[in-house]
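**Student:** Each chain, written out:
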Amino acid sequence: MSDFKKNAWPTPEEERAKTWRHMSLIVQIVFFVLTIIALSALYGFITLLSLPAGWIVAPASIVVAELLIRRSRFWRTGVESALWIGGLFAFIFSLPSSGKVEAILVFAAAAALAGWRVRNALFGSAAVTLVVAYVAAKGWHWLALLLAIGVALIALAGLAREWQRPSTEMLWQFLILVMPIAGYVAVALRLESWTTDMRIAAIFVGLAALFTIVGVHMRLRVPLMTAVLCLAIAIVEAHDLNPVSVESALIVIGAVTLASAAAIMRSLRGKETGFVLGVAKKSELQDVMSVAPTLMPGHAAEGSGAPQPVGGGGEFGGAGASGNF
Amino acid sequence: MLVGERRDIVPIGTELRSLAWLGVMLIATGVGIVITKHFDQIGPLTIAMAVALAAIACYAFAVWKQSSVRDYMVLLGALLISADVGFIESQWHLLGSEWQRHFLLLAVLHAAAAYYFGNRAVLSLSVAALASWFGIEKHEIFSSNADFAFRAFICAAVLLTWRVANRKADFNGLFEHSATNIAFWGALSLTFDPSTKYTGFLVTAIFAAGSLTYGLKSRRELFLMYAGVYSLIAIDVVVVDWIHEPILASFYLLISTIAAIAALFATHVRFQKERLADA
Chain S
0 MSDFKKNAWP
10 TPEEERAKTW
20 RHMSLIVQIV
30 FFVLTIIALS
40 ALYGFITLLS
50 LPAGWIVAPA
60 SIVVAELLIR
70 RSRFWRTGVE
80 SALWIGGLFA
90 FIFSLPSSGK
100 VEAILVFAAA
110 AALAGWRVRN
120 ALFGSAAVTL
130 VVAYVAAKGW
140 HWLALLLAIG
150 VALIALAGLA
160 REWQRPSTEM
170 LWQFLILVMP
180 IAGYVAVALR
190 LESWTTDMRI
200 AAIFVGLAAL
210 FTIVGVHMRL
220 RVPLMTAVLC
230 LAIAIVEAHD
240 LNPVSVESAL
250 IVIGAVTLAS
260 AAAIMRSLRG
270 KETGFVLGVA
280 KKSELQDVMS
290 VAPTLMPGHA
300 AEGSGAPQPV
310 GGGGEFGGAG
320 ASGNF
Chain W
0 MLVGERRDIV
10 PIGTELRSLA
20 WLGVMLIATG
30 VGIVITKHFD
40 QIGPLTIAMA
50 VALAAIACYA
60 FAVWKQSSVR
70 DYMVLLGALL
80 ISADVGFIES
90 QWHLLGSEWQ
100 RHFLLLAVLH
110 AAAAYYFGNR
120 AVLSLSVAAL
130 ASWFGIEKHE
140 IFSSNADFAF
150 RAFICAAVLL
160 TWRVANRKAD
170 FNGLFEHSAT
180 NIAFWGALSL
190 TFDPSTKYTG
200 FLVTAIFAAG
210 SLTYGLKSRR
220 ELFLMYAGVY
230 SLIAIDVVVV
240 DWIHEPILAS
250 FYLLISTIAA
260 IAALFATHVR
270 FQKERLADA
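Chains as they are written, first to last, in numbering that gives the first Met the number 0: chain S, 0 to 324; chain W, 0 to 278.
Hints are supplied without guarantee of correctness; some may be wrong.
[Unchecked claim] Where chain S lies over chain W, by a calculated footprint (3+ residues, C-beta under 8 Å):
1) 20 to 26
2) 66 to 79
3) 218 to 229
4) 247 to 258
Keep in mind that the hints were calculated from the coordinates and are not lab data.
Even for Gly, the Cβ is constructed at its ideal location relative to N, Cα and C.
Using the sequences provided together with the hints, build the complete structure.
**Tutor:** Structural data, given as structure tokens:
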């Protein structure tokens with residue numbers, strides 16, 4: 000029994016050393032999806048038996064998750080996370096729908112609870128994003144933006160410190176990346192027509208500058224990535240000021256991005272301390288991702304030209320040239 | 000303690016490569032829109048020439064300049080060639096009724112570039128173009144309901160042959176994953192078709208056995224995952240269709256998924272033990 004209580008979480012040292020049962024990211028995704036399918040089947044089965052599905056699935060899945068964590072030391076396998084989040088969401092889905100926006104807060108609470116229990120940064124970020132969405136859904140769009148920026152700044156302060164658990168650091172990283180996007184979507188939704196608001200563009204330029212300064216000064220990668228993201232948001236928001244067409248802007252911005260990356264890479268060549276290029280790691284995930292273009296529909300020579308003798312695009316495959324030309 | 004005080008080395012190569020990739024994608028998207036929206040204003044010949052020159056410039060840059068973004072310039076060149084070949088074929092119908100063969104041309108062009116520059120991203124474009132050609136090309140042999148499946152099997156067989164002939168070890172994984180997935184998609188398409196359900200199930204089982212054997216021999220867990228997940232889908236399709244009763248079907252799905260999770264988990268544990276033993 001004492002072991003059962005003691006094994007609630009891996010110690011910070013165990014988490015860093017990954018001594019509990021864990022999987023690679025791609026295997027975690029497979030197990031997460033399979034577990035969600037199993038939970039859905041259980042939910043459907045109990046519903047068909049005219050029993051209260053939510054009241055049975057939620058406790059059952061959480062008990063199984065706790066047994067797997069505490070007895071078999073499951074941690075980052077995808078199974079325990081799916082059981083926690085799936086069980087809680089199943090319970091919420093079984094409740095009578097009132098149609099109120101406050102329902103978003105219930106999902107946020109479920110994501111936060113599951114995120115806290117399995118120390119999952121993705122669930123934690125989802126919880127905060129849902130709170131931002133709730134504030135926006137109430138019509139307080141500027142408040143939603145301020146909230147998102149506030150959380151991003153707290154996360155930035157959090158990331159600047161050393162943490163014992165990698166999962167805590169991961170949560171700060173996720174929040175820094177997600178919050179500017181959530182905040183921008185929340186404030187952009189206030190308008191029926193999409194017009195430039197220079198205040199928003201200025202806020203994101205300011206944020207980009209702040210994240211760059213902190214990233215360079217503290218030697219942190221994620222704030223630098225967020226700075227690029229904030230700059231991109233500012234450019235998108237300033238679309239009305241764009242003197243050229245969208246396609247020209249895309250080409251120019253793409254060329255500037257490519258040239259900037261090349262210039263920074265060149266400046267880092269041969270550096271051995273501080274920011275360095277490092278060695279590119281090859282992972283099997285890259286090979287799996289390389290299959291993705293094959294899934295895209297192939298229509299390269301179809302469209303605006305004269306009708307083609309053989310109609311229809313391919314049923315699978317693409318050549319990186321998809322488009323209606 | 001502040002993080003900056005203890006991190007002497009911060010690698011940002013992955014982030015910079017992602018930035019370069021993003022730049023390439025933005026340019027390619029912009030060019031695609033220009034071709035679509037403005038070909039009647041600029042003129043098709045001018046567009047075709049300009050895009051071709053831009054693609055040649057990208058390749059020339061990669062040949063003559065040792066840059067950190069060389070791979071991305073090659074990728075941009077390949078994407079521009081794809082756009083240009085597609086545009087030229089849609090405008091002038093050079094291949095006539097065999098228009099879909101421009102995919103084969105793209106597959107060859109991209110493969111040549113991929114081998115010359117040792118670029119896996121361009122090779123994935125070549126494989127995608129090849130899959131597109133197999134997905135479109137029509138022959139008498141493919142006029143049955145199992146059309147998609149046969150084309151997928153032939154495509155997978157070609158990719159496996161290519162894998163055997165390939166001498167660049169870095170490219171092997173791409174061929175193996177593409178061939179395996181395409182073959183399984185073909186087998187599942189047969190399984191989902193009521194008239195070929197059992198044939199599809201049998202073919203999926205054979206492919207799963209092959210993927211399982213290969214995964215165990217080469218100690219690559221993902222091929223075991225492919226075998227487990229694709230065969231689970233095939234078995235579920237056949238059994239659920241056979242059961243009919245919703246309550247039993249949902250109960251069966253629950254049990255089969257749990258069994259699959261347990262089996263895959265046991266395999267994973269075995270793999271981890273072998274890895275530890277090797278270490």
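**Student:** Next step is simple, just say for each hint if it's right about the structure.
**Tutor:** Hints versus structure:
| no. | hint | verdict |
| --- | --- | --- |
| 1 | 20 to 26 | holds (count 6) |
| 2 | 66 to 79 | holds (count 7) |
| 3 | 218 to 229 | holds (count 5) |
| 4 | 247 to 258 | holds (count 6) |
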